[in-house]
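Here's the letter readout for the chains.
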Amino acid sequence: MITLFRKPKPGAAPRRLTLHILRCNPADPASKPYLQAFELEEAEGMTLFIALNEIRATQDPSLQFDFVCRAGICGSCAMLVDGRPALACRTLTRDYGSDITLAPLPFFELIGDLSVNTGKWMRGTAERLQTWIAQSEAVDLDALEARMEPALAEAIYELDRCIECGCCIAGCGTAQMNENFVGAVGLNKIARFRLDPRDTRSDAEFFELIGDDDGVFGCMSLLGCHDLCPKELPLQTQIAFLRRKMAVTGLY
Amino acid sequence: MEIIHSDVLVIGGGLAGLRAGLAAQKRGQQVIILSLVPPKRSHSAAAQGGMQASLANALKGAGDNEDVHFEDTVRGSDWGNDQEVARMFTHVAPKAVRELAAWGVPWNRVEAGERTVIIDGKPVTLTESADAHGLITARDFGGTRKWRTCYVADGTGHAMLYAVSDQTIAAGIPVHERREAVALIHDGERCHGAIVRNLIDGKLSAYVAKATCIATGGFGRLYQATTNAVINEGIGAAIALDTGVVPLANMEAIQFHPTAIFPAGILVTEGCRGDGGLLRDVDGHRFMPDYEPEKKELASRDVVSRRMEAHIKAGKGASNRFGQHLWLDITLLGEAHINHKLREVKEICQYFLGIDPAKQWIPVRPAQHYSMGGIRTNADGAARGLRGLFACGEAACWDLHGFNRLGGNSVAETVVSGMIVGEAIADFCASTAGELTVSTALIRQCFERAQSEFAAIANHHGKESASLLLREMQATMTAQVGIVRHGEAMNAAVNTLQDLLLRSRDLGLSGRRSGADPELTLAWRLQKMLKLALCVSYGALQRTESRGAHFREDYPQRNDADWLKRTLASWPNSEQTLPTLNYESLDIARMELPPGWRGYGTRDAIEHPLTAGRQAEVEATRAALASSDRHAVQAALMPFRHLLPAHLRGDNARIGQHPGENA
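Protein sequence lines, in the order shown, are assigned to chains S and Y.
Residues 1 to 252 (the numbering used here) are what the first sequence spells out, left to right.
Residues 1 to 663 (the numbering used here) are what the second sequence spells out, left to right.
Chain S on its own, in the form it takes in the complex (with noise of 0.2 Å):
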């Protein structure tokens, strides 16, 4: 899907911006969560990471945010823009109106204005789930390494290239409504691991780890996961399958 985008047109005066941003610091027990609007000239290119900076360097100091690589492919940056979880360092203001509406994803521990704490979560989340490959021997370091077929490397890959940026949590019902929902990230995760060889867990492994509510059973298949994911993984088609194998593990 290529972002199309809205050319401003030749020679006309640059947009003034108004980004109304939630605010609020939970590190002050009175501060109370308000909409606060920084007004800003549009600039060629301008990303939503340039904006906040340049609030923040002109008009506001003490601003909260996360950005990283800036670069779309480290997930620090989620948050909600006009209402949709996105990665705010590769959204460009070009693409929006002249007010845009920033708040930081739900779900998550707030940690101030626009900064939340996705690292906690997901930590907790990869020592529920135990995503990692089990390994029971040591590795021969000097020994040529296992062989893999050149596509099944890539379809690994293609699960594997998860950021952990929380917008599918952000834009998932079940999780609104159960804390302990594991989401699309955790689901992902759980299938990337059953695909690869070199993980050795049975799916009766894998049902003891997804196989309720809080798992697999518990997506309603909504499936905003799937339509806002970043990194455009086949959310839909893993969670559905992952189903499947597991109705089935369940059942015998």
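The hints are all genuine.
Not everything, but these chain Y residues come out facing chain S in the computed CB check (under 7 Å):
1. Ala-46
2. Ile-200
3. Asp-201
4. Ile-231
5. Ser-514
Hint data in this document are derived by calculation from the structure and do not stem from the laboratory.
Note that the Cβ used here is the ideal one computed from N, Cα and C, for glycine as well.
Guided by the hints, dock chain Y onto chain S, whose structure is given.
Chain Y only, in chain S's frame:
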């Protein structure tokens, strides 16, 4: 004062820190890792194109081995690196790739049979052998004689970081996220941990450990135009410098990557050129063969970046409203290749430029990319100046890269150095030298000093703005201590930066906010970054030669006679406005590969008087051992295996001898 104890404190949750922590923990040490951000968001994730290791599985890797990788790395470094370290590294790199494979990294694999690749702008059919089917494949990269760069599409760093991070979770190693080490706890001789600031609530605590390892990555954010993540501010190196006793080495050795998208500075991988992409100018002309007939687009990064800037200066740049640039053309690779092997590049082009790289050229211009210099360590990763302090990865000057790093050698260094240094840390902790004998008075003193540093900024109410000074520093570094350097400009830069350092002592914050106020955080970091910028610019000014990425118009030759040495910058007195520089010579008599021509770039080095003698010795040894195997020859020239942990010393297996391989 909260005090948290562990055997090992690792500062930095990128690939190097995580891998070192894992190694130490597997040896029974209790490890805590600190990270500015959740570890999977570290800048290691941004490594796209791949990791060098001489597996020699792919057809175009036939005949590759540690010797070839070693020579490429030394030539790449422009003879500025530590050759023993380069040997250790090239020997362990295949082991690291194989370990990562077992940990789940979905390396791209060799597919037996015919395939079409683009070499030198033309399609070429290669036939991969059935023997190699399913083994890890490799792509071409700059400055290498073989296709050696193992890859996972163009998300190699991401896949590696996730696999290693998942292993640390499996091992139960706690990662304290959103924590920044703000000072080392030390008495001038021994490091006992660090004072750490919580970036959520702003509180300080003391982390006390037998061994402390700094793995905080590079400091690209000293520059305005950089591919680096916003967290790469070099604070780990800066707190080492602040001790006054730990030197930073070769800080002037800064790499500029040829293909950062213009003007955002976001990296597009060297894999684009490795896979056959071309550089073109305003006329659409492929200009690199005019300058570099042998390696063309795939000369080392310092050479390509310099040629690009020269071509722009000669009036051949394309331009858009932000300024001048050149074009990276990957349209000839075809949509299928881009969709499978260069998908991050495709996304970056779509989102940040609004173009489809399968159909349109990518506007690029070199930008700061990597810091070859850093905390000076020995081959074990032990920092000079303080016992109990270690460093690895980009934060360290282990000195694998000298004055120019080869593409694919940095992400490889993270894991390889983590494996080696983590073992050395475990050895240290297990030895009597590792016993913890710190006094609580010292901890309190270091804690209170850090506390007062923050209070001094918060309560000063001066007239300067941290964000303005930061921008001025970044603009100065990019304009005056960049790809092409000159004494006059650097002199001006050093003066500007000294002035900025003085002004940074008169900061005024606009308001107070409870928690970790981002304005206070920035103000505190600014003073540290200015000191690093002075180490870079003053070191560059003093080095009156050109070597690797350090290129001076006023001293264009590499000068081995006077400058075959490492710069050591230290800051013994906090009132100084310039670092104290010392130098350590590189010992030609111990070099396996004495200085010579790199095989690309200009050939005009001023020779060291000992070079010819060592070259004759090396040739005599090779002649005398002509019938011995390559390992025996290597061991006679420069033994290195004793420097490695015992389990990393074995020979690396490769599939059968390829035709034409010189055993």
